[in-house]
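A.B. asks: If you want the building blocks of each chain, they are given just below.
Protein chains: 6
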Amino acid sequence: MYLADEAWPDLESYFESESLALVPLGSTEQHGPHLPEATDHLIAEAFAREAADRTGYLCTPTVTIGVSGHHRQFHGTMWVEPPVFREYVASLTRNLTSHGIDRVIYVNAHGGNVPHLREVGARLRQEEVAYAIEWMWNDSIPDLVDDLFEQNGPHGGPKETSMIQYLEPALVHDDRVRDARDGGVPSVDAAETVKHGSRTFYDAADNTENGVLGDQTDASAEKGERLFEAATDQLVQLCEWLDEQPFEDLLPKDHV
Amino acid sequence: MYLADEAWPDLESYFESESLALVPLGSTEQHGPHLPEATDHLIAEAFAREAADRTGYLCTPTVTIGVSGHHRQFHGTMWVEPPVFREYVASLTRNLTSHGIDRVIYVNAHGGNVPHLREVGARLRQEEVAYAIEWMWNDSIPDLVDDLFEQNGPHGGPKETSMIQYLEPALVHDDRVRDARDGGVPSVDAAETVKHGSRTFYDAADNTENGVLGDQTDASAEKGERLFEAATDQLVQLCEWLDEQPFEDLLPKDHV
Amino acid sequence: MYLADEAWPDLESYFESESLALVPLGSTEQHGPHLPEATDHLIAEAFAREAADRTGYLCTPTVTIGVSGHHRQFHGTMWVEPPVFREYVASLTRNLTSHGIDRVIYVNAHGGNVPHLREVGARLRQEEVAYAIEWMWNDSIPDLVDDLFEQNGPHGGPKETSMIQYLEPALVHDDRVRDARDGGVPSVDAAETVKHGSRTFYDAADNTENGVLGDQTDASAEKGERLFEAATDQLVQLCEWLDEQPFEDLLPKDHV
Amino acid sequence: MYLADEAWPDLESYFESESLALVPLGSTEQHGPHLPEATDHLIAEAFAREAADRTGYLCTPTVTIGVSGHHRQFHGTMWVEPPVFREYVASLTRNLTSHGIDRVIYVNAHGGNVPHLREVGARLRQEEVAYAIEWMWNDSIPDLVDDLFEQNGPHGGPKETSMIQYLEPALVHDDRVRDARDGGVPSVDAAETVKHGSRTFYDAADNTENGVLGDQTDASAEKGERLFEAATDQLVQLCEWLDEQPFEDLLPKDHV
Amino acid sequence: MYLADEAWPDLESYFESESLALVPLGSTEQHGPHLPEATDHLIAEAFAREAADRTGYLCTPTVTIGVSGHHRQFHGTMWVEPPVFREYVASLTRNLTSHGIDRVIYVNAHGGNVPHLREVGARLRQEEVAYAIEWMWNDSIPDLVDDLFEQNGPHGGPKETSMIQYLEPALVHDDRVRDARDGGVPSVDAAETVKHGSRTFYDAADNTENGVLGDQTDASAEKGERLFEAATDQLVQLCEWLDEQPFEDLLPKDHV
Amino acid sequence: MYLADEAWPDLESYFESESLALVPLGSTEQHGPHLPEATDHLIAEAFAREAADRTGYLCTPTVTIGVSGHHRQFHGTMWVEPPVFREYVASLTRNLTSHGIDRVIYVNAHGGNVPHLREVGARLRQEEVAYAIEWMWNDSIPDLVDDLFEQNGPHGGPKETSMIQYLEPALVHDDRVRDARDGGVPSVDAAETVKHGSRTFYDAADNTENGVLGDQTDASAEKGERLFEAATDQLVQLCEWLDEQPFEDLLPKDHV
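Going down the list, the sequences are from chains A, B, C, D, E and F.
The opening position of the first sequence corresponds to residue 1 in the numbering used here, with each subsequent residue numbered one higher.
The opening position of the second sequence corresponds to residue 1 in the numbering used here, with each subsequent residue numbered one higher.
The opening position of the third sequence corresponds to residue 1 in the numbering used here, with each subsequent residue numbered one higher.
The opening position of the fourth sequence corresponds to residue 1 in the numbering used here, with each subsequent residue numbered one higher.
The opening position of the fifth sequence corresponds to residue 1 in the numbering used here, with each subsequent residue numbered one higher.
The opening position of the sixth sequence corresponds to residue 1 in the numbering used here, with each subsequent residue numbered one higher.
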């Protein structure tokens with residue numbers, strides 16, 4: 001069920017019987033010469049909408065602009081500062097609870113959002129406002145990702161390329177995947193910006209000239225479909241697991 | 001040009017030659033028994049995308065969740081607190097300027113966002129970061145709105161109903177427009193919640209039982225089209241006017 | 001009853017039997033070549049003190065410096081930033097409740113304070129701390145204002161001029177009212193700073209050279225007296241209405 | 001020169017030739033059974049206005065509500081939280097500088113404001129925005145205070161009582177000075193709320209039943225006049241000293 | 001008992017039976033040519049650890065960096081801004097209460113921290129989170145300090161010199177005490193930076209060239225030992241007094 | 001060179017010739033039944049002091065209380081909220097630059113601090129205030145850690161146990177290492193609190209009963225020494241690398 005399509009009276013029965021919501025979050029940021037800036041929010045929205053369709057759980061509109069300051073050197077990257085992102089997500093989550101939601105899955109497709117969503121989730125749980133957890137599709141299917149790609153990226157690599165080739169093929173510049181690979185770096189390690197255990201880079205531009213990592217020529221819509229199906233399946237299971245938990249079990253444990 | 005569809009190298013020439021961006025903003029909130037909660041953000045996005053298409057100016061993704069706490073009593077309304085909304089919009093606007101944008105039109109379709117967008121715009125201008133102004137479609141065509149409707153609402157009234165009937169007809173419950181009218185109030189005045197010059201109401205629920213005002217039976221897709229065309233034309237002209245101004249002329253005047 | 005004149009034991013019986021306070025708020029900002037910068041806070045204080053005298057309700061000291069950054073180009077304008085104003089008013093209102101006040105009228109005479117007082121009032125009500133509403137004298141008597149003046153301003157126009165001519169005649173430069181009119185603009189419309197529905201001005205200086213609008217030659221102390229009496233009467237009625245409401249009825253309505 | 005009484009064109013020559021402003025600050029808080037809650041802001045305003053009159057320097061309106069949470073247990077005390085007070089004063093001071101003010105004297109009559117005004121002043125100086133210092137009348141004439149009173153209070157004691165007897169005699173309940181003394185404590189020491197070097201009290205109510213300290217029977221309007229004249233003289237000298245300093249000399253010293 | 005040395009199971013019985021904690025706080029800032037920058041935090045830690053050892057109460061790790069911006073001109077001074085310091089101390093105190101602590105002594109050895117610790121303590125008490133008070137060793141033994149030294153400083157004077165000579169003699173440059181005296185000023189009065197009752201200085205560098213006040217040649221380890229013993233005795237008594245109080249008696253008094 | 005031991009004149013030559021500082025940061029939090037709560041800050045301090053001794057670079061005092069709310073259920077854990085920690089570290093780093101420091105290594109030994117130190121570092125670099133990077137000892141020697149331990153924990157596991165056995169043997173309860181292992185879990189995986197790719201745990205108590213992970217019986221002081229020597233060597237090299245970089249090269253790259 002997609003919240004934004006509904007008139008308010010039609011949401012009443014959902015909130016009476018259910019307490020789970022899926023909130024998609026991504027970014028609008030450079031994804032190399034071949035992928036659209038929308039990449040992350042398209043992926044997040046696709047997963048959240050699909051899982052909502054398959055399960056009947058509620059999906060909210062997508063937060064399209066996230067924590068992407070580390071891509072600022074590339075044309076078109078949009079972002080908000082980390083404290084602002086946290087407050088925006090915290091505020092909308094907190095307010096969702098006024099309708100009876102008490103558990104939320106942040107269906108996230110942007111690595112840069114992760115620590116912030118975890119911080120927000122920890123705070124809301126500690127305050128016993130809601131139990132909100134972050135889910136990122138590739139973390140749910142690490143073995144398949146490893147099987148499919150030699151150099152998966154991460155940012156703008158074959159993993160994300162395959163996904164957009166499957167979800168929004170018209171937005172991929174297939175004729176640039178070779179350039180994407182050749183103009184970027186195979187991996188963070190290859191960029192040699194970790195010194196003696198310290199990550200000495202802060203921006204994508206510190207690692208790579210064209211903004212992306214991995215071997216994009218290894219991508220395909222077919223792989224995208226396999227990834228999408230496998231990860232959607234994981235998300236559906238996560239929804240079901242979460243729905244089954246008594247709210248008390250989701251709250252912080254007592255002091256020893 | 002829609003920023004999120006583009007790969008970063010394809011945005012370079014725009015930022016070299018242009019400095020204007022359209023940012024659509026709406027809300028996700030109850031709009032009565034007949035309209036989707038997406039109403040405001042659908043309208044904002046439609047105007048911004050259309051004006052961008054017609055003029056070639058850049059349109060960013062839509063901010064879908066705004067200041068809607070005053071609709072909290074109705075199922076599904078989502079919102080962020082006013083300070084959070086202001087910081088979110090200020091942060092993304094401020095950061096857009098890193099690419100060369102120095103003038104922004106907030107294509108807004110939610111009255112509740114107005115004072116906050118004005119506050120953000122005033123601050124950014126005072127700091128000489130950017131010149132950002134708020135535009136709301138119905139304010140640009142007051143005479144046409146008056147001509148078309150006896151009781152225009154505002155919230156969830158025939159004006160917005162016509163617009164969604166035109167833009168997203170599948171999301172309107174046409175069979176409920178009579179109920180929408182009969183279960184709501186004709187206008188804020190009719191709700192009698194202004195006492196001796198003081199607005200004594202804070203929430204939509206203080207004024208109306210079903211969340212909407214005006215006579216929705218007066219709406220039609222044809223009227224929606226007329227409104228959309230007329231206001232788009234205004235927005236296009238606003239873009240052109242804004243583009244023509246030297247940036248110095250947009251900055252605060254000197255002290256007398 | 002004026003709080004600041006009393007010794008604390010003499011306030012006990014008021015707080016035991018009553019729960020309403022009038023808080024005057026204005027600005028210290030330019031009001032053209034003929035009016036004092038105190039204009040708004042003098043007017044606010046006069047109404048609040050008069051209504052308190054006539055009804056016996058409590059009046060607090062006046063907040064004299066408000067949100068006036070949009071008058072910054074004119075000598076002497078003082079202001080605080082909007083978030084600071086909101087917190088100042090919210091904090092003093094919140095703390096007033098420690099003595100038993102649960103309803104407050106912000107007797108306001110500065111348009112620039114309005115959205116901020118509404119925001120504070122909404123928050124305090126939502127938190128069930130207090131029910132605080134904004135009242136501005138001219139909004140309570142729109143017909144009389146229309147009857148008395150062709151071009152009422154608003155800022156520094158004949159409406160406010162009449163009021164200061166009545167309340168503090170020594171502070172009006174009567175010999176400059178013609179200059180005030182001729183050096184300003186008749187109305188916001190006449191300044192032509194609304195473009196295609198968008199308010200493209202942020203500062204008073206964007207609209208007018210001398211800081212004021214309207215036809216000040218139309219002002220008189222007699223008109224000031226009529227305005228003062230009529231609006232005071234409205235404020236007295238508002239006090240009485242507010243006092244009669246059970247506190248529960250002033251709180252936010254339940255979720256539908 | 002009192003800023004609020006002036007029309008903006010009449011302030012131009014002041015700002016062209018001078019850069020100093022006097023900002024009075026006090027509190028609205030209980031001052032025992034005999035003094036009005038306005039005590040502190042009346043005193044602050046009287047000094048600032050008088051010094052401005054004698055010297056020609058600019059005086060602004062008074063900040064009447066300060067940091068008085070420690071008097072919350074007594075009817076009618078109004079206050080704002082410390083961070084809010086600091087931001088309010090910092091914001092209005094910062095903005096005053098837009099007209100050419102670069103040095104400010106906070107003419108303060110409330111001890112509870114002192115550390116906050118010092119913090120604000122330090123910050124503004126460090127940022128090289130303005131040089132603002134706190135002045136409290138009794139600190140400028142310690143010997144005279146000692147000469148005139150055995151037990152001077154401080155809060156609501158004979159010092160402040162004498163001052164209001166002189167400045168606003170109608171607001172003093174002279175028939176309650178004996179009660180004020182007998183129902184309070186002679187001094188903080190006498191309250192025995194300092195334990196082993198630690199101030200274990202936070203509120204006035206921790207020290208005294210009626211909110212005041214000292215021997216109020218020792219007060220008189222004559223003493224008030226002597227205090228007022230002596231301290232005004234100090235304030236005038238402070239204005240003159242401050243005016244003479246080159247702005248560079250008022251800024252922070254360089255790093256050694 | 002020193003919290004940081006213990007494994008968590010070994011703290012259980014303490015928290016079951018006791019509710020008091022000692023939190024040492026100091027600064028890392030210049031203390032003249034002869035004393036280490038650690039001076040204040042060494043002293044604070046020594047008192048807190050000693051009192052904890054003698055009484056069995058719990059001592060936490062030391063907050064070593066405080067509010068020292070006023071020493072910024074001297075090499076090596078470290079500091080945090082006042083609002084940050086307050087939040088840091090408030091947050092750690094608030095969180096200590098999760099284990100059962102409800103009363104805290106801030107064993108403080110830096111004057112610049114005092115108003116901030118008082119502000120934090122007042123807030124936590126008002127919220128009924130904890131009762132936390134500030135204790136500074138020299139305030140507990142004023143007579144002894146007066147007896148031992150003609151010119152005690154305060155900053156970097158013989159009082160603090162004696163203390164470090166006793167506690168950490170290896171860190172004192174005994175051969176520089178004469179220079180310390182001759183290059184500094186005897187007292188704040190002697191610096192003549194109080195004008196007409198107003199403290200016109202903000203930084204240590206405004207008063208003194210080498211950063212210190214008083215006559216350091218008057219210091220000795222023997223005096224340090226006397227001071228340490230006498231003040232430790234006071235702190236022990238304060239712990240005992242505080243421990244004896246029912247928590248209700250430590251909370252704010254009721255409204256009169 | 002240890003900043004806190006020095007008198008200010010003795011730091012002058014360092015700041016004239018060098019611009020690097022080591023800032024140790026840890027936590028005070030439960031580390032199982034066998035390790036002291038100080039574990040992380042002892043380790044951080046040991047590395048920073050040792051590297052400073054070997055290289056001559058400056059080491060500051062240790063921040064002992066960090067982001068440890070996720071250990072709140074265990075007696076004695078101290079923490080500050082994440083925004084407070086970030087501001088505290090940002091403020092002290094920002095201020096260090098007043099003496100000429102422009103590059104900082106956060107010698108960190110607490111995983112919970114990592115994202116916050118990265119956020120602070122990114123902000124300070126973006127503002128071109130300083131280049132500050134986070135270093136955590138075990139990240140610098142992943143192969144050795146893998147070689148030495150089967151199940152390294154992380155929290156309170158054999159890695160940290162070995163380190164404290166080497167650095168502060170008196171603080172380890174060697175007789176409890178078997179209990180530590182048997183009462184905890186071998187790894188996060190073993191706790192089975194990652195569901196379908198989502199980390200569903202927020203607190204240590206969600207994963208383990210006694211607060212620790214890994215096989216502590218595998219620890220020894222000898223291993224601790226090897227770890228300490230190897231990681232110190234890495235830190236020394238990091239210092240040297242960082243010192244060699246021109247400051248321009250450490251700043252953010254230009255926009256493409």
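Treat the hints as calculated values from the structure; they're not laboratory data.
Even glycine gets a Cβ: it sits at the ideal position worked out from N, Cα and C.
Treat each hint with caution, since some may be false.
Restraint-style ranges between C-beta atoms, simulated for each label pair [as the list claims (entries may be wrong)]:
no.	chain 1	residue 1	chain 2	residue 2	range
1	D	V256	E	S220	24 to 34 Å
2	B	R178	C	D189	35 to 45 Å
3	E	T217	D	A230	46 to 56 Å
4	B	A230	A	E18	50 to 60 Å
5	E	S17	F	D206	49 to 59 Å
6	E	S17	F	D182	25 to 35 Å
7	D	A230	C	D249	52 to 62 Å
8	A	D243	F	V194	55 to 65 Å
9	C	D53	B	E192	24 to 34 Å
A.B. asks: Against this structure, judge whether each hint is valid.
C.D. replies: Verification of the supplied hints:
no., hint, in the structure
1, D:V256 with E:S220: 24 to 34 Å, "holds (28 Å)"
2, B:R178 with C:D189: 35 to 45 Å, "holds (38 Å)"
3, E:T217 with D:A230: 46 to 56 Å, "violated (39 Å)"
4, B:A230 with A:E18: 50 to 60 Å, "violated (42 Å)"
5, E:S17 with F:D206: 49 to 59 Å, "violated (29 Å)"
6, E:S17 with F:D182: 25 to 35 Å, "holds (29 Å)"
7, D:A230 with C:D249: 52 to 62 Å, "holds (56 Å)"
8, A:D243 with F:V194: 55 to 65 Å, "violated (18 Å)"
9, C:D53 with B:E192: 24 to 34 Å, "holds (29 Å)"
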